[in-house]
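Construct the complete structure from the given sequences, taking the supplied hints into account.
Here's the letter readout for the chains.
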Amino acid sequence: MNALATIWTVLCKELRDISRDRRTLALTLLLGPLLFPAIILGMGMLAEKKARTQIEKELEVPTIGAERAPNLVSFLRTQGIRVVDAPEDLEQAIRDQRVEVGLEIGEEFAEAWHAGRPALVEVLVDRSQRNNDIPVGRVRGALEAYSSQVGALRLLARGVDPSVVQAVSPATRDVATDEARRGMLLSMILPYFLLITAFLGGAALVLDATAGERERQSLEPLLATPAGRGAIVSGKIAAACLLGLVSLLLSLLAIKLSAQMATGVARQMDVSALSIAKMLFVLLPMLLIGTSLLTLLAASAKSLKEAQSHMSWLMLLPMIPTLVLMVNPVKIQSWQFAVPFLAQNQMLLRVIRSEPVSASEWGIYLGCSLGLALLLWVGAVLRYRQEKLAIST
Amino acid sequence: MIIAQDLHKQFKTRTGTVKAVSGVGFQAHDGQITGLLGPNGAGKTTTLRMLYTLMQPDSGHIEVDGIDPARDPMAVRRALGVLPDARGVYKRLTARENIAYFARLHGLSAQRTAERIAALSDALDMGEILDRQTEGFSQGQRTKTAIARALVHDPRNVILDEPTNGLDVMTTRAMRQFLFGLRDQGRCVIFSSHIMQEVAALCDRIVIIAKGQVVAAGTADELRAQTGQSSLEEAFVKVIGSEEGLEA
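Line order of the protein sequences matches chains A and B.
As numbered in this note's numbering, residues 1 to 393 make up the first sequence, in order.
As numbered in this note's numbering, residues 1001 to 1248 make up the second sequence, in order.
It is possible that some hints are incorrect.
Just a few of them, taken from the derived set where beta-carbon distance is under 8 angstroms, the chain B residues facing chain A [said to hold, decoys possible]:
hint, residue
1, Ala1086
2, Tyr1090
3, Arg1104
4, Leu1105
5, Ile1195
6, Val1237
7, Gly1241
Once the Cα atoms are required to be at most 27 angstroms apart in a straight line, the calculated DSS-like pairs of lysine-lysine come out as [to be verified]:
hint, chain 1, residue 1, chain 2, residue 2
8, B, Lys1091, A, Lys302
9, B, Lys1211, B, Lys1012
10, A, Lys388, B, Lys1012
11, A, Lys256, A, Lys49
12, A, Lys388, B, Lys1091
13, B, Lys1019, A, Lys305
14, B, Lys1091, B, Lys1238
15, A, Lys302, B, Lys1012
16, B, Lys1238, A, Lys302
17, A, Lys278, A, Lys256
Derived by calculation from the structure, the hints in this document are not laboratory data.
Computed from a prediction, not measured in an experiment: that's the story for all the values here.
Every residue, glycine too, gets a C-beta built ideally from N, C-alpha and C.
Quick look at the structure:
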């Protein structure tokens, strides 16, 4: 019997076997497609909602010495900022996050004001809290507006056109910081989840078909048939890859749909059919690497439990380049396309941002990742040829 | 016809080297049931594993229908039907699918597979369980499925490792009839057991193994004559030096 026929037979059997295990199959196939839209849409909605409420809601700002600047207080009022009395220890209250932002109007405010000198108003803020970016921005913006308004009036009173002191007119909207953050998060999280889906998409089947088969004592009779061991293990890997591929395809379609429904940054992702096909192509070697590695590990494990315990560190592996890039953002260089996980990460980012990938980069990427996949596959085949493997007791 | 000559096999474990088999040799002829009898841990399973090519002997020689498994293991596997000690079936597949899977791995055509499954199902009385998923099968039903799976390619030589282990009396009796049937078809049947009564009831020739070596071999009559004992039971006790394996 030739190897291809054996591979096909094993493939069909493994897929039929897992198709009867509805729950495992559903988890394998649907987890990704449900998770991605939740992340993309959910995160977007959350960020937007937060931004909107923080921008539109009336902001209460505890202020020390409010009575020294009644005009400022009433101006702030028109900007949706209500000045309230400061608690006993305002600084501590900010540190405890009971107050997002506070103001302190200097004691010499009135004096400086009347003398036409810059009057001191301090914004009290805890910079280590990211949560208060928007309220702080609002307070600062209002103060600057008040300052330039009054400044302009003073110039007019002296017969000078106020616009001469304003060489440039910068305008920033606070929402921008939030959008950028969301975009960053997406670009970090999306490749990671895609990588995980590809890397461990076939895991349930692999574990069941290797360590599980050994534990249930059906491996010994299987290896006593004239079917080649290389073909048997290849059939199992092929079945797992096929399952992983379907799960990946569903995930990518889910991303496409949710990106089209989403607002903001997610909308800017390139999810055309071509780009989806590219992403799938980028992830294919990862699928092969993941299933082969898992087959190798699971075949070496003494029990299904031991094999499953590998999953915890395997799930962290694809995260490493993401973390490294987060801490130390580097320029994309060609060697990076040779490093597993990092390469996929960079490729995916490029595709998502619809940046071009050069032929040589494709070459390095495919050569290295397929080479690694081949190496792991050979390892799994050799593992299956060992005498010890078949002995389940 | 299966010939084993002076087989040796040792394993390295953490506590040292274990000599599982040290000098097992016998001949199993076509049209006969050859029983390997010995207490647990005597080396029966290891011997059988070497016969069905799962392990390579450290030294010694094996021939299955004149083929050396060291040279052509695939041909030997094709000539053998094996019920190993481990006889797990795929729980989510039906008995028929389990058997058909192995038939396809042996390269049988769909039509031939259907014929063989029908024949084996008749012989093993599997009609009712054939299209049920094997999850929840009794020990006997699982063993039947495993035997049908092992014999689906109609092999001339059959190796069964403790086939009656864990079966009830009725199933054991049916199994015996099935094995007699295989013998009468002219096949070479090797069968291992640690239960003397089982071997006495079934086997044409008995090979007694203890501590990795053959301690006696022959028909029941020859064994009695060799040991000078009137009953097979006494003969067995005498050659292995203990009463292990007398209790079923």
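Practice task
Determine which of the earlier numbered hints do not hold for this structure and return their numbers in increasing order.
Solution key: Result: hints 5, 6, 7, 13, 14 and 16 break, sorted rising.
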